[in-house]
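Quick note, the sequence shown lines up with residues 167 to 227 if you use the working numbering.
Bear in mind the hints are in silico, worked out from the structure with no lab data behind them.
Glycine is no exception: its CB is placed at the ideal position from the N, C-alpha and C atoms.
Do not rely on the hints blindly, as some may be mistaken.
Said to hold, decoys possible - With beta-carbon atoms standing in for the labels, derived distance ranges: (1) Arg178 x Val200: 24 to 30 Å; (2) Ala195 x Thr216: 19 to 25 Å; (3) Ala224 x Lys188: 28 to 34 Å; (4) Ser226 x Ser177: 43 to 49 Å; (5) Ser226 x Pro180: 40 to 46 Å; (6) Ala222 x Pro183: 35 to 41 Å; (7) Leu179 x Leu221: 31 to 37 Å; (8) Leu221 x Met174: 18 to 24 Å.
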Amino acid sequence: WPNADLSMHLSRLPVGPWVGIKTRSDWFADGRGVTESEIHDVYGRIGRSTQAVVLAPASSA
167 WPNADLSMHL
177 SRLPVGPWVG
187 IKTRSDWFAD
197 GRGVTESEIH
207 DVYGRIGRST
217 QAVVLAPASS
227 A
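Between the sequences and the hints, there should be enough to build the whole structure, so can you do that?
Structure representation (structure tokens):
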């Protein structure tokens, strides 16, 4: 299995019971992709995350 890499950086802890995520993804024809997300709470932006992703067909076992 490929290494699923996820990094998250927060400038402070979230306030309140909800966290919002605004995401953008870039995909390539060979199944590779990168996702970037802005993380926010009721007072505004608190951080960012990035993730390297791979789409591959599931094997039939």
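To see whether the hints hold, each was checked on the structure:
{"no.": "1", "hint": "Arg178 x Val200: 24 to 30 Å", "in the structure": "holds, 25 Å"}
{"no.": "2", "hint": "Ala195 x Thr216: 19 to 25 Å", "in the structure": "holds, 21 Å"}
{"no.": "3", "hint": "Ala224 x Lys188: 28 to 34 Å", "in the structure": "holds, 29 Å"}
{"no.": "4", "hint": "Ser226 x Ser177: 43 to 49 Å", "in the structure": "holds, 45 Å"}
{"no.": "5", "hint": "Ser226 x Pro180: 40 to 46 Å", "in the structure": "holds, 41 Å"}
{"no.": "6", "hint": "Ala222 x Pro183: 35 to 41 Å", "in the structure": "holds, 36 Å"}
{"no.": "7", "hint": "Leu179 x Leu221: 31 to 37 Å", "in the structure": "holds, 33 Å"}
{"no.": "8", "hint": "Leu221 x Met174: 18 to 24 Å", "in the structure": "holds, 21 Å"}
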